[in-house]
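A.B. asks: Single-letter residue listing:
2 protein chains.
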Amino acid sequence: VGGLYGGLLAKAGYPVHFLLRSDYAAVRDQGLRITSPLGDFHLPAPNCYACPSDLPKVDVAIVAWKTTTNAALPEALQACCSDSTLVLVLQNGLDVERPAAEIVGAERVLGGCCFLCCNRVGPGQIQHLDYGRITMGEYGASQAQVSQRMLELASDFHAAGIELQLEPDLRAARWKKLAWNIPFNGLSVALSADTRQIMEDPAAARLAEDLMREVATAAEYCGGLVDEAHIQRLLSDTRSMVPYDSSMRLDHRHGRPMEVEAIFGNPLRAARAAGYEPRKIAMLYDELCFLDRANWKAVD
Amino acid sequence: VGGLYGGLLAKAGYPVHFLLRSDYAAVRDQGLRITSPLGDFHLPAPNCYACPSDLPKVDVAIVAWKTTTNAALPEALQACCSDSTLVLVLQNGLDVERPAAEIVGAERVLGGCCFLCCNRVGPGQIQHLDYGRITMGEYGASQAQVSQRMLELASDFHAAGIELQLEPDLRAARWKKLAWNIPFNGLSVALSADTRQIMEDPAAARLAEDLMREVATAAEYCGGLVDEAHIQRLLSDTRSMVPYDSSMRLDHRHGRPMEVEAIFGNPLRAARAAGYEPRKIAMLYDELCFLDRANWKAVD
Chain A
11 VGGLYGGLLA KAGYPVHFLL RSDYAAVRDQ GLRITSPLGD FHLPAPNCYA
61 CPSDLPKVDV AIVAWKTTTN AALPEALQAC CSDSTLVLVL QNGLDVERPA
111 AEIVGAERVL GGCCFLCCNR VGPGQIQHLD YGRITMGEYG ASQAQVSQRM
161 LELASDFHAA GIELQLEPDL RAARWKKLAW NIPFNGLSVA LSADTRQIME
211 DPAAARLAED LMREVATAAE YCGGLVDEAH IQRLLSDTRS MVPYDSSMRL
261 DHRHGRPMEV EAIFGNPLRA ARAAGYEPRK IAMLYDELCF LDRANWKAVD
Chain Y
11 VGGLYGGLLA KAGYPVHFLL RSDYAAVRDQ GLRITSPLGD FHLPAPNCYA
61 CPSDLPKVDV AIVAWKTTTN AALPEALQAC CSDSTLVLVL QNGLDVERPA
111 AEIVGAERVL GGCCFLCCNR VGPGQIQHLD YGRITMGEYG ASQAQVSQRM
161 LELASDFHAA GIELQLEPDL RAARWKKLAW NIPFNGLSVA LSADTRQIME
211 DPAAARLAED LMREVATAAE YCGGLVDEAH IQRLLSDTRS MVPYDSSMRL
261 DHRHGRPMEV EAIFGNPLRA ARAAGYEPRK IAMLYDELCF LDRANWKAVD
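Line by line, the protein sequences give chains A and Y. The first sequence begins at 11 in my numbering and counts up one residue at a time. The second sequence begins at 11 in my numbering and counts up one residue at a time.
Hint data in this document are derived by calculation from the structure and do not stem from the laboratory. As the structure is a prediction and not an experimental result, all values here were calculated from the model. Glycine included, each C-beta is placed from N, C-alpha and C at the ideal position. Take the hints with a grain of salt, since some may be wrong.
To be verified - Computed spacing ranges between beta-carbons, pair by pair:
1. Y:249 with A:282: 26 to 36 angstroms
2. A:52 with Y:206: 44 to 54 angstroms
3. Y:62 with A:131: 53 to 63 angstroms
4. A:139 with Y:79: 36 to 46 angstroms
5. A:31 with Y:50: 48 to 58 angstroms
6. Y:260 with A:287: 31 to 41 angstroms
Produce the complete structure using the sequences and hints provided.
C.D. replies: What follows is the structure, encoded as structure tokens:
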């Protein structure tokens, strides 16, 4: 996610600074290679850093790593944020802006949901398969609004060829995104299946839809709205999508920790706090907690 | 199950006739080898048959193969049943006596739930690990009762060293057994885990208990009773059990079809017909349907 959007912004001439972990050496030596329906491109020498303290101060800090890496967030944000830096959190899940808000203050945080099929296929190599839209909103705003700074960010993203949609209600947008992530990230791991295998099997497709409806009910209890038209659109988009391995499935397959708490634990706890028990989401959460731990034990 | 109980009856001197499939040649040539906490033993030359039509008429036909083999039931029962033969169905699940009842008449059918840890570990080789009790009841009886013929069967089984408990209410006994099979057979496949791995993980153990409580509620709707003491006993027995791979997990691992309909589909449909929707059992059923089909595709 960071490689794709950062790459597009850099290609458009914006000064982008990449904080990298395992891909640092590859990107420093060979640059960043992106294949995309928007056009393949190669950035031969992007600004890249292995160490957070080397980062310069920036206008906008985009947090695009997995929530499972958030332990490194304080050091990274303290390094690159001035008093006026905005933080745009592009992670999956619910309440994923909270860690950034605790560091720089909620009023400087925005969040975005990314609708894209995109995988890292090798060191410094990104394969963007389909979609690409971001829906972005204010996190700390006391009321639903489209702010001036949202419009300015949108203008830059549009100039880089990125579809960015402004959301007056970020939390509602988060629930809409969860309506896809909860069934398809979860079942891709629980069933070891890609999106097409799930949608082509009657039992798995029914279960995906059941989970989606539990997300809709949870959203309703929490003040969001995932309406029937949205559910039908997600199902039909997923049916016609190229067979896709969710990032959670790739993480699990490669022995990396999964984003179980951001994508399942936080929404489950929010639903319960609002008085609703989503039983199938709770079951999927328990299954994923087990599979995540079993995976770590297997790798040890 | 058939090898163990049939083996114990044969060892005690009862005339037992084994209908075998893939193990036929091994048992014919090398006999039946059983390791068991009741004492290891070897039957060098048991009566065994590969073809149902070779079976003699018997007093009691014990149906101990998987429900997934039931397509062969009519031929087998027609071969070995006289007008007075009793059929004892020792399969797992709910309504598993119905196919036999449709062939010989419900009034000649009894059912039994086997509580045992027992695996076929090679051709003609059975490893009985733990437990061994059967709870048996009348299937076609118009009211709950312990019949004279139940007492006679019990006397023979006891003489062979088999713990057999008489149940006035077979259907209630079936639900009590399902309270173990539904969580532990199902999760062993969904989580690729043995009983100990499930019970030692907080999320998996919580999920097993949730599923057990849904079975208890379903039983209540269907006129059975799975009380709190039974739930606590099952949980504590499973916690202290040697790590056990359920037969369903072994079936799945070896690319054989799983007993999804008998153990999950039938109870789920019974609960729904009685007005209760057990959401986690329904989810597990959908997952297992998918995994079963995916497994067959992988073997193809």
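A.B. asks: Please go over all the hints and tell whether each is borne out by the structure.
C.D. replies: Hint-by-hint comparison with the structure:
{"no.": "1", "hint": "Y:249 with A:282: 26 to 36 angstroms", "result": "27 angstroms, holds"}
{"no.": "2", "hint": "A:52 with Y:206: 44 to 54 angstroms", "result": "51 angstroms, holds"}
{"no.": "3", "hint": "Y:62 with A:131: 53 to 63 angstroms", "result": "55 angstroms, holds"}
{"no.": "4", "hint": "A:139 with Y:79: 36 to 46 angstroms", "result": "44 angstroms, holds"}
{"no.": "5", "hint": "A:31 with Y:50: 48 to 58 angstroms", "result": "56 angstroms, holds"}
{"no.": "6", "hint": "Y:260 with A:287: 31 to 41 angstroms", "result": "34 angstroms, holds"}
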